[in-house]
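K.L.:
Protein chains in written order, with numbering that gives the first Met the number 0: chain A, 0 to 176; chain B, 0 to 158.
Hint data in this document are derived by calculation from the structure and do not stem from the laboratory.
As the structure is a prediction and not an experimental result, all values here were calculated from the model.
Hints are supplied without guarantee of correctness; some may be wrong.
[To be verified] Computed, partial: chain A to chain B, Cβ under 10 Å:
{"#": "1", "residue": "M42"}
{"#": "2", "residue": "H52"}
{"#": "3", "residue": "G78"}
{"#": "4", "residue": "S83"}
{"#": "5", "residue": "M108"}
{"#": "6", "residue": "P115"}
{"#": "7", "residue": "S117"}
{"#": "8", "residue": "F118"}
{"#": "9", "residue": "G128"}
{"#": "10", "residue": "T130"}
{"#": "11", "residue": "Q134"}
{"#": "12", "residue": "V136"}
Here a beta-carbon is modelled for each residue, glycine too, at the ideal position from N, C-alpha and C.
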Amino acid sequence: MRLATPSKTSPAKTEQIILFRVSGQLFAVSSASVQEVRSADSMSGAATEISAHGIRKVRHVVRRGDRSIFIVNGAMHFGLHPASAPLLFVLRKTRTALLIDGIEKMATMTRLQALPLSFCHEERSWYRGLTALDQTVIPVVRPDGFLSSEELALLDAALSPVEKSSGEGLDVAGSEQ
Amino acid sequence: MTVSSASDLQSFVLLRLGERRFAISASQIAELVAPSRVFRFPHRTPKMEGVILRRGRIVPVCDVSEALLGKRLSSRRFYLITARQYGTQREWVAMPVSGECELINAEVTAAGESDAPHVAGWLSHDGDVIEVLNLDTLTPGPQEMLAEVVTPSGPEARP
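Throw the hints in and build the complete structure from the sequences for me.
P.N.:
Okay, structure coming up:
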């Protein structure tokens, strides 16, 4: 008797995510998008102040090699109440470091649902979509959604002459974790 | 006196928002469900409250009571899950309602030029004249993004 060949089931596509909080609100980000996790204090020595008109969420910039990384206050970006943000995510392939309250946990995302089309304002650039995890719905942030190209141009223009030599390249060289 | 033939009649779901009743074409209704936990996250789209989980799907919750009544619902008993068309895409949108819903057959009168954009038509039922709602104008969608280009105003985030 010949047994039927068991049908091959392709493993569900999964993605490792980091759940983190900003002003108490839970978010997720792909762990592959996070190049470094640093304490905000450890960056304070290297950070210099910056003030770009209309971009209140960025107050500091740090030099990394020949690049400038802008530190984005997550609470201000999302319009949440300000809270202490002792941690920083340096986001890969962006010029953004994100100030957060803390990391909740790591998890595996099996399904990312597109943001419903009813949400039709800025949040469409903030989020890759939504995921359901442990009966909770969590927005998955888009790493390049924290600073638009217009904002980056304004921030670049606001850099001091010394810092202006930074390139426009994407990847942040070297991990120092 | 005119007598409506069966072919003139269309199916509508009557819903209650506060003291008022409205109608939506039955073809746009998916189901009526008990309230469940609303998951909220930061966004900037007016009327949107968050999302609910329904049968494994993430369904946005849109409260249209303020647009229709001028105030928010004090009590909500159910979510009416409607199907909203976005171009070729059809998505579910949950609307909080304050009472049970009723399926009726009625003849609809088309909306006039002076009617508000959210009015798709009118029907008469139990002595009441009831607005038939146009979900495409009542719930947010890409047309809002187009309007935003014309009048760029930055509403506060709605966590």
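K.L.:
Against each hint, give a clear statement of whether it holds in the structure.
P.N.:
Taking the hints in turn, this is what the structure says about them:
1. M42: At about 24 Å, which exceeds the 10 Å cut-off, the nearest Cβ of chain B leaves the hint on M42 of chain A violated.
2. H52: 15 Å, violated
3. G78: 2 Å, holds
4. S83: 18 Å, violated
5. M108: This interface hint is violated because 13 Å lies over the 10 Å limit.
6. P115: 4 Å, holds
7. S117: 4 Å, holds
8. F118: F118 of chain A check passes; min Cβ-Cβ to chain B is 5 Å, inside 10 Å.
9. G128: 9 Å, holds
10. T130: Because about 9 Å separates T130 of chain A from the closest Cβ in chain B, which is inside the 10 Å limit, the hint holds.
11. Q134: 7 Å, holds
12. V136: 4 Å, holds
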